[in-house]
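*Asks:* For reference, the chains in residue letters:
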Amino acid sequence: MALDEPPPASDDESMTSGAVPAGTPLPAEAELLAGAERLPCGRPLGRAWQQARDAGRAPDPHSSHCPHCRGAIEGLTALDRATRALRGEEQPDGHRLATRIINAVRTEVRLGPMLFLDDPDHDLRIAESAAAKVLRRAADTVPGIRAASCRIIASESGDATHVVTITVAATLDRPLRGRAEALRGAVLHSAEHVLGLAVTAVNVEINAVLDLSPVPSDDRFELRDR
Amino acid sequence: MTTAEREAVHRTAARAALGVPGVVALQPALAERLALAASRVVEAVGAGAAIAPVGAGVRCEIAPDGVWHLEVRCILDEDHRVVDVARRVRSDVGAAVDTCLVQHDAAPPLTVRVVVSVTRTIRPAACETA
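So the sequence lines, in the order shown, correspond to chains A and B. When we follow my numbering, the leftmost residue of the first sequence carries the number 1, and every step to the right adds one. When we follow my numbering, the leftmost residue of the second sequence carries the number 1, and every step to the right adds one.
So here's chain A without its partners, still in its complex pose:
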């Protein structure tokens, strides 16, 4: 029911009794809809709402300046808008609802474990997915290397240090050992200077050969955006 619609008949006396002082009668409709609750400024909530809704009446100096009345009116306006929107909908769309819920859960799951940043109090954390993205990007800056995946595991010592395992594709135009060292350097630098994450070891796995031909610009964008 929208707020400016007639209320359903009710026998509940408690809704209309008690809080309204004698001599200041409220419109019964507003009282039923918004309640006789008093705002901190002393004005009944129903009266504030009625005042705001009645466009033909002269502006009320109190409502226009009182933060309590303004806040209440804004909240009721939003509730009214939402109620109208719900009422205007046809049949509930279960598929869309399910999709939204699945997406919300997926987003949470994709975060992965939380890793402690390099701080002695151990109360600053970063999601593994967020840290891995930064380290993969660092790996991509090494010529002839393209990162495929990155896992970051907390050390068993419990001292907020981590071991990184990064899997890459590499070109074969230079010795792989040198490439791996450059990759380690890039990852360690990024872990310290971009993240502030303590990394004690970087394991490098090369599981594919990277073609020497130039990567199309669209593909480069996709790789960079992981």
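Keep in mind the hints are simulated off the structure, nothing from the lab. From a predicted model like this one, the values you see are computed outputs, not experimental measurements. Fair warning: there could be bad hints in the mix.
Unchecked claim - Here's a subset of chain A near chain B, in silico, CB distances under 8 Å, partners left out:
hint, residue
1, Ala104
2, Glu108
3, Asp119
4, Asp123
5, Arg125
6, Ala130
7, Val134
8, Val194
9, Val204
10, Ile206
11, Val209
Stated by the list, open to error - If we take Cβ atoms under 8 Å as the criterion, some of the chain A residues that face chain B in the derived model are:
hint, residue
12, Ile101
13, Val105
14, Leu111
15, Met114
16, Asp118
17, Leu124
18, Ile126
19, His193
For each residue, glycine too, the CB sits at the ideal point set by N, CA and C.
Using the hints, position chain B against chain A.
*Replies:* Just chain B now, with coordinates in the frame of chain A:
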């Protein structure tokens, strides 16, 4: 802890975190995201009012010993060093919540512990769409 105190702490912590340079947004927790997903009302309200409740992205609990535990989930601008921004969030949120609790005459001891969780880093160009 009264509802008013909890809401005030949520709002205060969220504002303090969002005021730290490098913080782009706060990321709602799963329960908040599910509530948003399940609620058509929020979409309607979002057409002209607040899109998400103020304080989404802040979790607040009070331990039996009176210590306030807050978790702030942040999305950061990747141009800032993550640990530096997280430290600043911890410091600013802790100070702001301390002040807030004093103003609300919360029962002592007023010990606040803030955990900062960084869920994403994004490019500055993408900040406006976060």
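*Asks:* If a hint holds in the structure, say so; if it doesn't, say that too.
*Replies:* Going through the hints against the structure:
At a threshold of 8 Å, the smallest CB-CB gap from Ala104 of chain A to chain B is about 4 Å, leaving the interface hint in force. At a threshold of 8 Å, the smallest CB-CB gap from Glu108 of chain A to chain B is about 4 Å, leaving the interface hint in force. Below 8 Å, beta-carbon pairs count as interface contacts, and Asp119 of chain A has one with chain B at about 6 Å; its hint therefore holds. The beta carbon of Asp123 of chain A comes within 5 Å of a beta carbon in chain B, closer than 8 Å, and the hint placing it at the interface holds.
Interface hint status for Arg125 of chain A: upheld, as the beta-carbon distance to the closest one in chain B is roughly 5 Å, under 8 Å. A least Cβ separation of about 5 Å between Ala130 of chain A and chain B falls short of the 8 Å threshold, and the interface hint therefore holds. The interface hint given for Val134 of chain A holds, since its Cβ lies 7 Å from the closest Cβ of chain B, which is under the 8 Å cut-off. Checking Val194 of chain A against chain B by beta carbon gives a least distance of about 6 Å; that is within 8 Å, so the hint holds.
Below 8 Å, beta-carbon pairs count as interface contacts, and Val204 of chain A has none with chain B, the closest being about 23 Å; its hint is therefore violated. A hinted interface residue such as Ile206 of chain A counts as satisfied when its beta carbon comes closer than 8 Å to some beta carbon of chain B; here the least separation is about 27 Å, so the hint is violated. Here the hint on Val209 of chain A is broken, as its CB sits about 30 Å from the closest CB of chain B, past 8 Å. The closest approach between the C-beta of Ile101 of chain A and any C-beta of chain B is roughly 5 Å, which is under the 8 Å cut-off, so the hint is satisfied.
Checking Val105 of chain A against chain B by beta carbon gives a least distance of about 7 Å; that is within 8 Å, so the hint holds. The closest approach between the C-beta of Leu111 of chain A and any C-beta of chain B is roughly 6 Å, which is under the 8 Å cut-off, so the hint is satisfied. Look at Met114 of chain A: its Cβ gets to within about 6 Å of chain B, closer than 8 Å, so that hint holds up. The interface hint given for Asp118 of chain A holds, since its Cβ lies 6 Å from the closest Cβ of chain B, which is under the 8 Å cut-off.
Checking Leu124 of chain A against chain B: minimum C-beta separation of about 4 Å stays under 8 Å; hint holds. The closest approach between the C-beta of Ile126 of chain A and any C-beta of chain B is roughly 4 Å, which is under the 8 Å cut-off, so the hint is satisfied. The interface hint given for His193 of chain A is met, as the beta carbon of that residue sits about 7 Å from the closest beta carbon of chain B, less than 8 Å.
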